[in-house]
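Enquirer: Given the sequences, and given the hints that come with them, work out the whole structure.
From first to last, the protein sequence lines are chains D and Y.
By the count of the working numbering, the first sequence reaches residue 287 at its end, each step adding exactly one.
By the count of the working numbering, the second sequence reaches residue 528 at its end, each step adding exactly one.
Just so you know, the hints here were simulated from the structure itself, not pulled from any lab data.
Do not rely on the hints blindly, as some may be mistaken.
List of simulated lysine-lysine pairs, DSBU-like, C-alpha gap at most 35 Å [to be verified]:
#, chain 1, residue 1, chain 2, residue 2
1, D, K195, D, K13
2, D, K115, Y, K323
3, Y, K266, D, K188
4, D, K195, Y, K287
In this text, all values refer to a predicted model and were calculated from it rather than measured experimentally.
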Amino acid sequence: MEIKRNNQNIFKKSINKINDIKQLKVGVILLVLLLIVSIFAPVFATHDPYSLGDEMIAAPSSTHYLGTDGLGRDVFSMIIYGTRTSLMIGIVAALISGVIGTLLGGIAGFFGGKIDRLLTEINNIFLMMPTFFLILIVVALFGSSLINVMLIIGLTSWVGNARLMRAQAMSLRERTFIMGAYSIGEKKWTILLKHIIPNGIFPIIANTTMIISGAILTEASLSFLGLGDPNVVSWGQIIYNGREYMTSAWWISTFAGIVVVLTVLSFYLIGDGLNRVLSPKLHDQN
Amino acid sequence: MQTLITAEEKAISVENIYKYYKQRGKRQRNQDIKSVDGVSFSLNKGEILGVIGESGCGKSTLGRILVKLEEPTSGSISINGVPSQNLFKQDPLAFRRTAQMIFQNPFDTFDPRYTIAKVLISTMKLHHIGESKNERLAMCIDLLEKGGLKPATEYLHRYPHELSGGQLQRISILRSMLLEPMFVVADEPVSMLDVSIRADIINMLADLCKQENTAMVFISHDITTTRYISDRVAVMYLGRIVETGPTDEVMHNPQHPYTRALISNSVQLDSFENQQIIHIAGEPPTPINIGPGCRFAPRCYQSRESCNHEDPESTHIGNGHYVSCPYINE
Numbered sequence: 002m003e004i005k006r007n008n009q010n011i012f013k014k015s016i017n018k019i020n021d022i023k024q025l026k027v028g029v030i031l032l033v034l035l036l037i038v039s040i041f042a043p044v045f046a047t048h049d050p051y052s053l054g055d056e057m058i059a060a061p062s063s064t065h066y067l068g069t070d071g072l073g074r075d076v077f078s079m080i081i082y083g084t085r086t087s088l089m090i091g092i093v094a095a096l097i098s099g100v101i102g103t104l105l106g107g108i109a110g111f112f113g114g115k116i117d118r119l120l121t122e123i124n125n126i127f128l129m130m131p132t133f134f135l136i137l138i139v140v141a142l143f144g145s146s147l148i149n150v151m152l153i154i155g156l157t158s159w160v161g162n163a164r165l166m167r168a169q170a171m172s173l174r175e176r177t178f179i180m181g182a183y184s185i186g187e188k189k190w191t192i193l194l195k196h197i198i199p200n201g202i203f204p205i206i207a208n209t210t211m212i213i214s215g216a217i218l219t220e221a222s223l224s225f226l227g228l229g230d231p232n233v234v235s236w237g238q239i240i241y242n243g244r245e246y247m248t249s250a251w252w253i254s255t256f257a258g259i260v261v262v263l264t265v266l267s268f269y270l271i272g273d274g275l276n277r278v279l280s281p282k283l284h285d286q287n
Numbered sequence: 199m200q201t202l203i204t205a206e207e208k209a210i211s212v213e214n215i216y217k218y219y220k221q222r223g224k225r226q227r228n229q230d231i232k233s234v235d236g237v238s239f240s241l242n243k244g245e246i247l248g249v250i251g252e253s254g255c256g257k258s259t260l261g262r263i264l265v266k267l268e269e270p271t272s273g274s275i276s277i278n279g280v281p282s283q284n285l286f287k288q289d290p291l292a293f294r295r296t297a298q299m300i301f302q303n304p305f306d307t308f309d310p311r312y313t314i315a316k317v318l319i320s321t322m323k324l325h326h327i328g329e330s331k332n333e334r335l336a337m338c339i340d341l342l343e344k345g346g347l348k349p350a351t352e353y354l355h356r357y358p359h360e361l362s363g364g365q366l367q368r369i370s371i372l373r374s375m376l377l378e379p380m381f382v383v384a385d386e387p388v389s390m391l392d393v394s395i396r397a398d399i400i401n402m403l404a405d406l407c408k409q410e411n412t413a414m415v416f417i418s419h420d421i422t423t424t425r426y427i428s429d430r431v432a433v434m435y436l437g438r439i440v441e442t443g444p445t446d447e448v449m450h451n452p453q454h455p456y457t458r459a460l461i462s463n464s465v466q467l468d469s470f471e472n473q474q475i476i477h478i479a480g481e482p483p484t485p486i487n488i489g490p491g492c493r494f495a496p497r498c499y500q501s502r503e504s505c506n507h508e509d510p511e512s513t514h515i516g517n518g519h520y521v522s523c524p525y526i527n528e
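Expert: Laid out in structure tokens, this is it:
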């Protein structure tokens, strides 16, 4: 019963926190809308996004809310199905980068010494690499399936997370409760996984949310360059296809672009809001 | 120090512990910081040794070495006659059960994300105490109530930041005692607490030590508290024990000039005696380049030429009272 009461408190408290911070509130509302749209895509979509219609580059009307593209596909439905692709890429890539960054950064900061030096050098190498061109090369060599794109974005964006986690681990390992954990007999790895990472993960959570938006943008850029997965609809691809019709059918690229902006904005707002909620200064109060 | 008793009967005996820290940077590469510089003592079961000294004299480092949070540069520690090195290699958990530490800052002793129940239960799990979840929970409640935290259910599901320093320090002591250690190091356990609850915590520590027959090293810079709790006292200066002996003996009959100065500056002690306060100038020097002579010589009020050359040896002046100063009778 006690635990239940506590959980309710936490839930209430977090709702209050979200209400307190404006950017978090706006971001969360946008994200919830996006999630609903992506989950119930078939309900919202008015047409099959893959079916080629007879009306090509039709202006927005009551049958095609946002018009059609050069192949007669319904832009509105394509954008709705594209939400799935973009969110999936963003979240999976950010998760990969979050996990790698947290582990490598945590190990480097907590164990220190030679391991730290080695991992920091690897980190520096990745930091120097022109990431986008690396992604281009990989996609050109190994094909542009959705999984490839997710993996490569995730594998190149963990550097910031690793740096953050390393700094966290370095400051946490000097704290008394870590000494206490040693003196009670816990092993190094247990301490890293049970105490250091859970206590130092907040800035990584905030940063990872921002990486989601970065990944969505990267995917859109890849698609815009014609290197996206051709088998699934994505926002970048819609923009890419609409480019040729820019003068005669402005709606194709414009609406897809607006959705990209909104999505990226929502994750940035959430990231920024989380940063405020979880910052060490405020942390003691929640 | 009590040489007649054999090592087997000692809860812990420490011989010639040295801890040097390497300095970083090129210029002083060969100069070590001599944090602990040859410390020996031993403790019987249930005995409490108070270690006093200024900040930076190595007393906390000594404490951390005793519970193996740090490795000594050289020297040996045996617990119950067994070298702690061997014990630790054989079974680290068993070593942790024999040697426990209570930290200075109770607010930071527990993971801020763990509830009190989780803290205690994870410790029990780690050391295979108790069989089932319910049994462990019952043991927690028992333990907390025994430690004066009633009703225990009030505390079980709270987080560390929801408790006061005194309560947290009680829990910290209880957690250590849960493992039934052979000896405990208490590193300034009350210096961060309100004066009003210090006595409670001190009494709790002393009672538990007597009940469980646990030896304790009580590290503090507060002479009055140390005097109250400990059976024997060791005064440290720059990494060495300069004077040691039974508490009353050292407190009422301090021999080393440093001890004298310390005690004369402690206001609460026997204030009606109207002691003359001994002033010593300056601060303890950094323990890097200590000359061949007595460590305290540069600040000592009775230092003379020979003090700068000869390192004084620890001499027995009766009653288990040892002093490292050759000119005590003058």
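Enquirer: Hints first: check each against the structure and report whether it holds.
Expert: Here's how the hints hold up against the structure:
1. D/K195 / D/K13: holds, 26 Å
2. D/K115 / Y/K323: holds, 33 Å
3. Y/K266 / D/K188: Holds, at roughly 13 Å.
4. D/K195 / Y/K287: holds, 24 Å
Hint compliance for this structure: no hint is broken.
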